[in-house]
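These protein sequences, in sequence, are chains X and Z.
Here the first sequence stands for residues 1 to 320, where the numbers follow this note's numbering.
Here the second sequence stands for residues 1001 to 1306, where the numbers follow this note's numbering.
Watch out, some of these pointers could steer you wrong.
[To be verified] Computed, partial: chain Z to chain X, Cβ under 10 Å:
1) N1042
2) P1055
3) M1059
4) A1117
5) G1131
6) V1142
7) P1180
8) A1200
9) A1201
10) I1203
11) F1212
12) V1215
13) V1240
14) T1251
15) P1255
16) V1285
Think of the hints as simulated: they come from the structure by calculation, not from any bench.
Cβ coordinates follow ideal geometry from the N, Cα and C atoms, glycine included.
Now for the letters of each chain:
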Amino acid sequence: MSAATPVSISVIRTADQRPAQVAKRRRRAMPYLLLIPAVAFLVLALGYPLVRQVMMSFQEYGLAQQFGQPAEWIGVDNFSRLLGDGYFWLVVARSIAFCLVNAGLTMVGGIALAMLMTRISTPIRLILQVALLLAWAMPHLASLTVWQWLFDTNFGVVNYALTSWFGLDFENHAWLIQPLSFYFVATVIICWMSVPFVVFAVYAALTQVPGDLLEAGEIDGANGWQRFRLITVPLIRPVLLIVGLLQIIWDLKVFTQIFVLQDAGGVTRETHLIGTYVYQLGIKEGNFGLAAAASGIILLLTVGVGFYYVRLLVRQEDEL
Amino acid sequence: MTTIVQPQPQPRPTDAAEGSKSLTPRPGRRYPFRSAGRATANVVALVAAVGWVFPVYWMLNSSLLPQRNVRSREPSFLPVDGSLDSYRRVFETDFVNSLRLSATVTVLTVVLTLAAAFLAALAVTRFRFGGRKGFILAVLIVQMVPVEALFISQFKMLEGWQLLNTVTGLTLLYVGGVIPFTIWMLRGFVNGVPIELEEAAMIDGCSRLKAFVKVTLPLLAPGLVASGIYAFILAWNEFVVALVIMNRPETQTLPVWLRTFIQANRASDWGAVMAGATLLAIPVVIFFLFVQHRMTSGLVAGAVKG
C-alpha cells in the first residue's frame, strides 16, 4: 500500500495537471499577448525611426540619395561638419539661452500668480482661473494665429495701444523682422501659453502647505519672503522641480512657435533655433544626414534633462 | 460661454478654500493692515486675468466683426453689428476637407490608442511577469523623445513605405506618440480598482472575463474617457508631424490648413483667419475643460508631451 499511494497520487496529478499547466502557461503568456499591440505601435512609430535616424546620422544622405543612390557610410563626418560650423553653434547657444529665459520667466510668473491666488477673494480667483484655463486650452496654432494678429504691423491692436494710449511711435511697427524683437514676441507668446499650467500645478501644491506652519513662522518673526523661501519652497519643492524640468524640456525643443512666427516675419537665418534649423536642413534642403545628426543633438539635450525627470517620477511612485 | 464658466473651478475646491483661509488670516482681526494688501492683490489678479483672456476674446471679437471694422486704424473692441460673414468665407475654402481629414485621423488615433494602451495597462497592473518593470521604464523614457528630434527619420520611413500624405501614416505616428502617456495614465486608473472586487465576482461564479467586464470595466470608464480626451486633444492640435508628413495642399490637417490660410490672408482678411482659428479651437477648448483637473495632476505625474 505504501508503495501504491505515491503512484496513485502521481496518477491523479498527471491527470489534472495537464489542463492546469496549460492554463498556467496561458496565464504566463497572457501579459505578453496584451502588450503586443502597444509594443507594435511603439516600435513602428518610435523605435524604428529612432534606430534609422542614428544610422542616417552616420551616412551621406543628401539629394542624390533621394533619387536612389545608396547611402554611403561616412562615419562621424556629419557631426564634424555640424560641430565645425560656427552657425550651428550659434543656433545651439541661441536655443539654450532662449530655453533658459523662457523657462525662467514662465516659472517666476507662474509661481507669482499661484502665490497671488492664495491671497485673493474667491470670486476673483475663479475669474483668474477661467482666464488662465481658456488660454491654456487653446490649440497652439490658434493662439499663434491670434498673437500674429495682435502684433500685426498695420492693424494690430498692440501697435494701436502703444501709439494712441501711451503716445509711443509704434505706427506700422513691424515686430517680427528684427531678431531681438522677434524673440521678444515669441517669449511673450510662450509665457502666455505655459504660465497657466505652472499656476495650476503650483497652486494645487500651495493649498497643501499647512497654514499653521506659516503662522508659526510668522510668530517666530519671519517676514513674508523668509516664510516663502524657508517654509513654502521646501514643502512644494518636488512639484517645482517637475514643473521646471517640463518647462526646460518643452522650451528646448520649441518648434511650432518659432516656425509660425518666421512665416510672418520672413527672417529665418537670424531667428533659427535648433528645431527649425533641423527642418530647414532636412525637409527644405534635403540634407537628411546632417539633419539627422542635428536632431541627435536635440535628442541628447532633451533626453538628458528627461532622464532626471523620469528619476523623479519613479521615485515619487512607491512601486512601479 | 456658459459651458466655459461652469466646470471644475479648481483642482480641489475644499482644500483650496481651506488653504487660502489659513494662508490669509481674516482681515480686521490680528492683521488689520492686510485688507489693503488683499485689495491690491485682487486688482493685480484682475489685470492678469484680463491679460490672459484678451487674446481669446480678441479672436472671437475679430471673427465676428464685419471686414471693414477689422481692417481699420481704430480697432473695434466690441462686435457691434457683428456678422458670421467671416465664417462663411472660411467654409468657402478647403476647410471642410481638412476638417474631415482631421476628424478621421483624430478618431482613429483615439480608438487605436485606447485599445492598445488599455491592454498594455492591464498587462502591467494585473500580471507579474519578467520584463514588466523594464517595459514601464521604457515607456517613460520613450515618451521623452520629442517628435521635434524624430520627424526627419519618420518622414523618411513613411516615404519609403509610400505612406506620406495618408491617414494611415499620420495615425500610426500619432498613436505611437500618444500611447506612452496613455499607458502611464491608464495604469494609474487600473491600479485604483482593487483586484479583490474582481475576485469576489469570480467567487460568486463569474468567469475571469465576465468578472472583468461586469465589475472592473465600468469602474474604469472615467479613466478611459479622460485618456481618450487627452489623445483627442493631442491628435487634433498636432502640428509638427502633420506639417512634415502631410505636405500636399489637399491632405492638410486643420492646424496645417490654418497656417496656409494665414499666409494667404495675412494682408487682406484677418476676420476670416480669426474665424478659422475659432473653429479649430472650439472642440478642444470644450473637451479641455472636462479634463483640466486631471491634466494638471497628470502632467505633474508623468506627461512630457503637451
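Measuring from the C-beta of I1203 of chain Z to each C-beta in chain X, is the shortest one below 10 Å? 18 Å, violated
Would the stated hint for A1201 of chain Z survive a check requiring a Cβ distance to chain X of less than 10 Å? Constraint on A1201 of chain Z not satisfied, violated at 18 Å.
Less than 10 Å between beta-carbons is the criterion; does P1180 of chain Z satisfy it with respect to chain X? 7 Å, holds
Taking the least C-beta to C-beta distance, is G1131 of chain Z closer than 10 Å to chain X? 8 Å, holds
Given V1240 of chain Z was flagged as interface, is its beta-carbon under 10 Å from a beta-carbon of chain X? Holds - the Cβ of V1240 of chain Z comes within 10 Å of chain X, reaching about 6 Å at its closest.
Grab the minimum C-beta distance from T1251 of chain Z to chain X and call the hint holds if it beats 10 Å, violated otherwise. 16 Å, violated
Hint check: 10 Å Cβ-Cβ cutoff, P1055 of chain Z to chain X: 5 Å, holds
Checking hints one by one. Is P1255 of chain Z an interface residue toward chain X, by the C-beta closer than 10 Å rule? It holds, given that the least Cβ distance between P1255 of chain Z and chain X is near 4 Å, below 10 Å.
Against chain X, run the beta carbon of N1042 of chain Z and see if the smallest gap drops under 10 Å. Holds: closest Cβ of chain X sits about 5 Å from N1042 of chain Z, inside 10 Å.
Supplied contact hint for V1215 of chain Z, tested at 10 Å Cβ to chain X: 18 Å, violated
Quick one, is the A1200 of chain Z hint okay against chain X at 10 Å, beta carbons? With a minimum Cβ separation of about 20 Å from chain X (threshold 10 Å), the hint on A1200 of chain Z is violated.
Against chain X, run the beta carbon of M1059 of chain Z and see if the smallest gap drops under 10 Å. This hint holds: M1059 of chain Z lies near chain X, its Cβ roughly 5 Å from the closest one there, short of 10 Å.
Consistency note: the structure conflicts with the earlier hints numbered 8, 9, 10, 11, 12, 14.
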